[in-house]
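*Asks:* Take the two lone chains, each set in its own frame, and fit them into one complex as the hints suggest.
Here the protein sequences line up with chains G and L, keeping their order.
Residue numbers 930 to 1443, in our numbering, belong to the letters of the first sequence in order.
Residue numbers 822 to 1216, in our numbering, belong to the letters of the second sequence in order.
Note that these hints are calculated values from the structure, not bench results.
The reader is advised that the hints may include incorrect statements.
[Stated by the list, open to error] Below 20 Å or equal to it, Euclidean Cα-Cα: the simulated EDC-like pairs (lysine to aspartate or glutamate) are: (1) K1170(L) with D965(G); (2) K994(L) with D1102(L); (3) K1071(L) with E1059(L); (4) K1012(G) with E1022(G); (5) K1036(L) with E1112(L); (6) K1036(L) with D945(G); (7) K996(G) with E868(L); (8) K1170(L) with E959(G); (9) K996(G) with E976(G); (10) K948(G) with D1055(L).
Keep in mind it's a predicted model, so treat the numbers as computed, not measured.
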Amino acid sequence: MSEIDRLRVENQRLSDEVKRLVTTEVQLYEVQEHLDGQMSAYRHLYELGKKFNTTVDLTTILQLAAKFVLYELNFERCLFLLKQSGANSFSIETMDGYYNDAESTVIARLALPTASLALAPLYAGVERVLCLPDCRRSELTSLRRLIGMDEYVVLPLGGEPKNPIRLLVAGNTAGQAPYQRRVVQEGEALLGLANLASQTSTAINNANFYQALEWERQSLEEKVRERTRELSRSLEELRAAQDRLIQTEKLASLGQLTAGIAHEIKNPLNFINNFSALSAELVDELGEVLKPAPLNDLMRQETDEIAKLLKGNLEKVVQHGKRADSIVRNMLMHSRDGSGDRRTVDINTLVGESLKLAYHGARAEKRVIQIRLEQDFDPAAGEAELLPQEITRVLLNLISNGFYAAMKRKAEDDLEGYEPALTAATRNLGDRVEIRIRDNGAGIPSEVREKMFNPFFTTKPPGEGTGLGLSLSFDIVVKQHAGLIEVDTQPGKFTEFRVILPRSAPAGKAEAHT
Amino acid sequence: MGTNAGVGMSHHRNPKVAGREAAERALAAAGIDRPDFVFMFASVGYEQRALLDAVRVATGGAPLAGGSGGGVIAGLEADESNFSVAVMTISSDELNFKNAMASGLKANSEAAGRTIAQSLACEVQPDTLGLIMLGDGLTLNFDRFAAGLKSELQLDRHLPLFGGTSADNMEFKQTYQYCDDQITSDGVACVLLSGSARLAWSVNHGCLPIGGERKVTRCSGNVIYEIDGMPVLDVLKEYLVGDEIDNWSKAVLSLCMAFKAPEQIKGYDDYLIRFMPTKDDKAGSITIPTEVEEGTSIWMSRRDHEKISAGVERIGEEIKSTLGNNAPKMVFQFDCIGRGKAVFRDQQKSQILEKLQQKIGPTVPWIGLYTYGEIGPIGGRDYFHNYTAVVLAVY
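Just chain L, with the same shape it has in the complex (with noise of 0.2 Å):
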C-alpha cells in the first residue's frame, strides 16, 4: 500500500464544524477512511477542546499530535487568521508515528524532555528517523529540553529533531499543545517518525543586522538586562519607531537579535537568529528562548524581503537536491509568525509559497504552522532558530 497521505482546511468559525471539515477534506484528500494517524494545526481563535473532539470523532479517533500556531499552511493556502485549522490524515504500512506528550516547560524543560525520552524509548528503533516536537513558544527553553531528551535516550546515533513552538497570534499569554484527546499549555507534543523512508530537510532565515557588534554585558539563563553595560530596552529603542516599544508584540515582528553562528555550521550562514517573546518592563529585561553568556557578540536585526525570499528558494533547491527523483510523502513547514503577514502582502506571501511547493512536488500533501521558533538540525547538531523557516519532506 505505501503510504496515503492529505491534508484539509477550514476557516468555519464554530470549531465543531472546522474541525470535522478539515479532517474530512483531508480523509478525502488522503483517499482513506481511517487514518494512521493525525497532525493537527490550528488557530487560538477556536474553543480549542470543541475543535480538538471534532477533530478525533470525524478521523475516528486515531494517533494524533499538533499544536496552535499564528496560523496554518495546507497546500497552497496559507491563513493567519485566528480562525484556520489544517489537518493531515496519514495512512501507511512503512512508517510509523508514535506520539508523547509532557508538561511542565517552565518549570523544567530538561525534566520535560526526560519524560518524553521515557515515553518513546522503546519505540526508537534502527529505522527511526527523527523526532518532530511542538512545544509552547512561551515557555520552552530548546536547549535544556534537547539536553534532558538525549541524556535520557543515550542513543549512539544523531537523532534529529524538527518542528517549532506553538504559538497565539502574537497575544503572548496561553498556547496549545494537542496529544490524542489531551490539551495542553506549557507543554510539548512529539512524534516519534520511524519507518522505511528518509528525510529530507532545509533550514534558512531571512534576517539581516542593523548597524554594528553589540555585546551582551549582562544575563541570567536566557534573559537578558543590558546590552553594552545599557538597559536592554534602551537599546531596542533605537531601533523602534516611537512608543513601539510599548506594542511588544509588534515590536518584536519587526525587531531580532542575531548571534553569531558555531564555526560548525558556518557554511548555513553567519548568524543565528533569536525572537524576544516576552520583556518585563519592570525588571528591565528580555527572554529568548536559549540560554546566552555575557560577552556574547550580537547584532540587532530586521527581516529583508530580498533574503527571506533568495532563503526560501533555497529551501527548495535544497530539498530537491536531496530527493533527486523520488517524490516526498509528504511534507512539513514550520515557518516563524514574523515571516508571514508581517512582511509579506497575501499576494507575495502565496507567490513564495507556490514556488517552493512547485519545487519539492506540487501535488505533495504539504502542511505547515505559523511558530514561534522553529526547530531544525544544521550541519549535525539540533538548533533552536526564529525569523526561520524549516521544512521536512518525508520521502
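Just chain G, same shape as in the assembly (with noise of 0.2 Å):
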C-alpha cells in the first residue's frame, strides 16, 4: 500500500471516527435537553406548590393552575369543571386560552352532563380519558366540539375515586397543535398533569378546610359577640329597671308624703279661704253700715279707699288660696288609686275627643292659638279597658304642653315659615296600643327630661304650672294601668311622648323611658 493510500484509509477512518462523534454529541445533546426538560417541569411544580401555599382562595388556585397548564405543559387550554352539590351536571369553574370572545361566551355556558358517556371510564375508576387526534370514539369526540379542543385529556379531582367533583381537562384545537404539547398516548405531559392535578386537589383540600375552620372561627367569635351583645343588653335593662323602680319609690314615697301634707294643709287652707271669702263680705257690710254716719268728706274718702283696699286684699287671698286648694286637690289625687270605673273605650274616639277638649279649653284660655292640629288615628287601633278621665286627663296634659311649646317657640324664636304644629298619632301594637302626641315646639334639653317626671318640677313662669301634670301623667300611665311613658326629642326640632297603654286590665310591670 502506498502512502497515499495508507493516508487516504487513515482519513476516511477518522472521518468516520468524526461521524460517530457528532452522532454521540446529538444524543448526548438529546439527553441532556431530556434532563433539562423534566428538571425545568419538577421546578415549576414546585414553584406552584410554594404559590398554592400563599394562598386559600380557590379561584385564586385555580387560575394558578390553569396558567400553568398553558404556560409551563404548554397545552393550549385548560378546562375546571366543579359538580355542584345535588346538580347533574359539570359547569365551568376556570377555563383559559380561549381568546375568541364569542367562544369563551359559549364555552362558559357549558354543562356538561354527569351521565356523559365521555366521563363513564372515571367513574369506573380509570385515572383519566384520552382523546387523540385520531381517535374515533363517538363518545369522546362529540365532546371536542362541546369543549373546544380536539385533542384532550380529562382527569378527576376531588371527591370520592369514582365520583370526582371536578375535572381538569387540557388540550389543543388542531390548528394550535403544533406548537403546543401534544396531547399523548403515555409521557411526561401526562405525568405533569397528574402531578398537577394531585397538587391542585391537595391545595383545593387545604383551602376548603381553612374556609371551614375560619368560618368556625367567626361563627364562635359572632356567638361571643352575640352573648357579649345580650349581656350588655341585659345590663342596661337591668340598670334602667333599677333606675325606674328608683323613680318609682321615689314617687311613691313623694306621693305619701304630700298626700299627707296636701291632707294636713287642707283644712288650715279651707278656714283662709273660708274666712277671707267672708271678710270680703264684711267689707261690703261695713260699707252699707258706715253709709249713714256723719263723717265729713276727707274721712270718708280715705274710709272707702281702706274698705277697697282691703276688699282687694281679701280677693287676692281667695284667689291663691283657691289656687293652693287646686294644688292641694291634685297632690291629693295622687294617693289614689283613680277615679272612676274601668270600661273599654275607643282609643281613636278617645284621643280625638281629648285633642279637641285641649284645643277649645286653650282657646278659652289664650282666646287666640294658631297652631296646625294633625291625626294620624291607625284604624285598627281598636279599643282598650282603662280608666277613660284619668287616660284624657293624661292626654289634656300632654296635648296642652305641646300647645305650649309649640306656641312658645313661635313667641320666642320668631322663624320665618314656621308654623306650630300637634300631631295625635295611634298604632295597633297587638295586645297593646300606642298613643303619640308630638309636637313641633323647642325640645327638651336633657337636663329637663331626667327630672320631668318629679313632682313639682316645672320649666313654666310662675301662676302657670303647677308642675304636677307630668307626675300625675306618669302615675296614671305606669301605675294605674301597668303601661309605658316615654319621650323622644329633639331640641329646637321636637318632642313627641308616647304612651302605650294595655288593652286589658293592669297586670304587669310599669315602665317609663325618658
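*Replies:* Here you go:
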C-alpha cells in the first residue's frame, strides 16, 4: 500500500470517527435536553406548590393551575369543571386559553352532563380519559365541539375516587396543536398533568379546610359577640329597671308625703279660703253700715279707699287660696288609686275628643291660638280597658304641654315660615295600643328630661304650671294602667310623648322611659 | 430630538394581550407615545392577525415591518418558545424608514425583488444606508431576489442588504411577513433605511466541516440530487443517527452544508454555510436557499460550540471597532434558529447574548429574530448565510 493510499484510508477512518462523535454528541445533547426539560418541569411544579401555599382562595388556586397548564405544560387550553352539590352536570369553574370572545362565551355556559359517556371511565376508576387526534370513538369525539379541543385529556379532581366533583381538562385545537404540547397516549405531559391535578387537589382541600376553620372561628366569634351583646343589653335593662324602681319609689314616697302634707294643709286652707271670702263680704257690709255715719268728705274718702284696698287684698287671698286648694287637690289625687270605673273605650275616639277638648280649652284660656292639628289614627287601634277620665287627663296634659311648647317657640324664635303644629297618632301593637303626641316646639333639653316626671318640677313661669301634670300622667299611665310612657325629643325640632297602654286590665310591670 | 427607540417583549398566550403588552413596553422603553416606525418579530404559535392588529392599535397605526421566527430577542431576553413577540418602536428626526412588501417568492423571487425595487426606488436617497429584509424562509431564492432588486434599482453604489428569512419553529409549513396591516406568506417585507446615521455590522457562523471534501454531481437550480454520485439522502444518512433523517426538522438542526467561500471574502471564513430547509423523498433531493452548480465542492458540516462562542465575540469586537466611541441608536440581530436552543442550553445562550450586548452597548435598544437564513454583506457584496449571526448596529 502506497503512502497516499495509507493516508487516504487513515483519513477515511478519522472521518468516520468524527461522524460517530458527531452523532454521539447529538444523542448526548438530546439526553441533556430531556433531563433539562424534566428538571424544569419539577422546578416549575415546586414553584407552583409554593404559590398554592400562599393562598386559600379557590379561584386563585384554579387560575394558577390553569396558567400552569398553558405556560409550563404548554397545552393550548384548560378547563376546570365543577359538579355542584345535587347537580347532574359539571359546569365551568375556571377556563383559560379561549381568546375568541364568541367562543369563550359559549364555553363558559357549558354544562357537561355527569352521565356523559365520555366520563364513564372515570366512574369506573380509570385515571384519565384521553381523546387523541385520530380518535374515532363517538362518545369522545362528540365532546370536542363542546369543549373546543380536538385532542384532550380529562382528569378527575377531588371527591370520591369513582365520583369526582371536579374535572381538569387540558388539550389543543387541531390548528394550534403543532405549536403546543401534544396530547399523547403516555409520557411526561400526562405525568405533569397528573402531578398538577394532585397538587391542585391538595391545595383545594387545604383551602376548603381553612375556609371551614375560618367559618367555625367566625361563627364562634359571632356567638361570643352576640352573647356579649345580650349580657350588655341585660345589664342596661337591669340598670334601667333599677332607675325606674328608684324613680317609682321616689315618686311613691313623695306621693305619700305630699298626700299627708296636703291633708294637713287642707283644713287650714279651708279656713283661709272661707274666712277670707267671708271677710270680703264683711267689708261690703261695713261700707253699708258706714253710709249713714256723719263723716266729713275727707274721712269718708279715706274710709272708702281703705275698704276698697282691704277688699282687694281679700280677693287676692281668695284667688291664691283657690290656687293652693287646686294644688292640694292634685296632690291628693297622687294618693288615690284612680277615679271612676274601668271600661272599654275606643282609643281613636278618646284621643280625638281629648284633642278637641284641649284645643277649645286652650282657646278659652288664651283666646287666640294658631296651631295646625293633625290626626294620624290607625284604624286598627281598636279598644282598650282603662280609666277613661284618667287617660283623658293624661292626654289633656300632654296636648296642652305641646301647645305651650309650640306657641312658645313661635313667640320666642320668630322663625320665618315656622308653623306651630301638633300631631296625635295611634297605632295597633297587638295586645297593646300606642298613643303618640308630637309637637314641633323647641324640644326638651337633656337636663330637663331627667327631672320632668318629678312632682312640682316645671319650666313654666310662676303661676302658669303646678309641676304636677307629668308627674300625675306618669302615675296614671304606669301605676294605674301598667303602661309605658316615654319621650323622644330633639332640641330645636320636636318632642314626642309615646304612651303605650295594655288593652286589658293592668297585670304587669310598670315602665317609664325618658 | 435625535432618535428614541425602545424594545418590548410579551409571552402572553392571548395574541391580543401579547401584542398590546409588547408594544406598550416598547413605547415605554423609548419614552414616546407615537412612533415613526415599528419592527415586529413574533413566534408562529399566535393567531397572527389578532397579534398584528393589537400591535397596530397600540402603536397608533405607525408604519410597520417584520416577520415570524423560531424565536425572538428583546434586550437580554431570548425566547424560542412558540409564544413570544418582540416590538421595537422608533421615533426619529434623523432616520427615515420606508417599508414595502412583495409576494410570490416561490414562483419568482427575482420578480419579487423587482417589485420591492419599484416600490422603494423613489425613496432611495444619497443618504440611504441599506435595506433590511425579511423573506419567507421556505421559498426565498436570495440570489434571484437580489438580482431582481438590483437590476431594477440600477444604483451606482452598493446598497447593503441585511436581514433574515422568517421561520415557523421548524414546522416548515408556513412563515409570515408583516408590512403595516398586511400579513403574507411566501413574501418579503423590506425596510429602506435612510438618514443621518452610519451602519456597523458583522457576520459570523460557527460551523466546522465533518470529514473531507465532496462534490455535487447532480443538481438543478437550488435542488441537489446527488453527491459523489450517490443519492443525496443516502449521503446525509452517513451523518445522522438511526432514522433521524425522517425527522427532517431535527436532522437539519445538526447537519448543514459548507461551500468554499469566494476568494474576495477569504478573510471572513473558509466556508459559507447552507441550510437544507426541505427534502423531497420521492425525488430523492434536498433544497438549499441559493443556486448550486454541478461539480461544486461541499463539506458536510456541524455546529461547534467553541466556534460559535468565539464567532460571537468576534462580532462584538468588529462592531465595537467600527463604532469607536459612538453609541448605537439601535441594534438588529438575525440569528440562525440552529444556533439557539438547538445547540445551547438556556444559561449558555443568555451568557453569550449578554457578552455580546456588553461589548456593543448594554443599554442599546436591541431586537432580534431566530431565522431560517441570514442576510448580511461581506467584502462589499451581499450574501445569504445559514447557521450564522448577522448583527447590525445603527449609529
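*Asks:* Does each hint fit the structure? Answer for all of them.
*Replies:* Against the structure, the hints:
no. : hint                   : verdict
1   : K1170(L) with D965(G)  : holds, 14 Å
2   : K994(L) with D1102(L)  : holds, 16 Å
3   : K1071(L) with E1059(L) : holds, 15 Å
4   : K1012(G) with E1022(G) : holds, 9 Å
5   : K1036(L) with E1112(L) : holds, 15 Å
6   : K1036(L) with D945(G)  : holds, 18 Å
7   : K996(G) with E868(L)   : holds, 19 Å
8   : K1170(L) with E959(G)  : holds, 17 Å
9   : K996(G) with E976(G)   : holds, 13 Å
10  : K948(G) with D1055(L)  : holds, 14 Å
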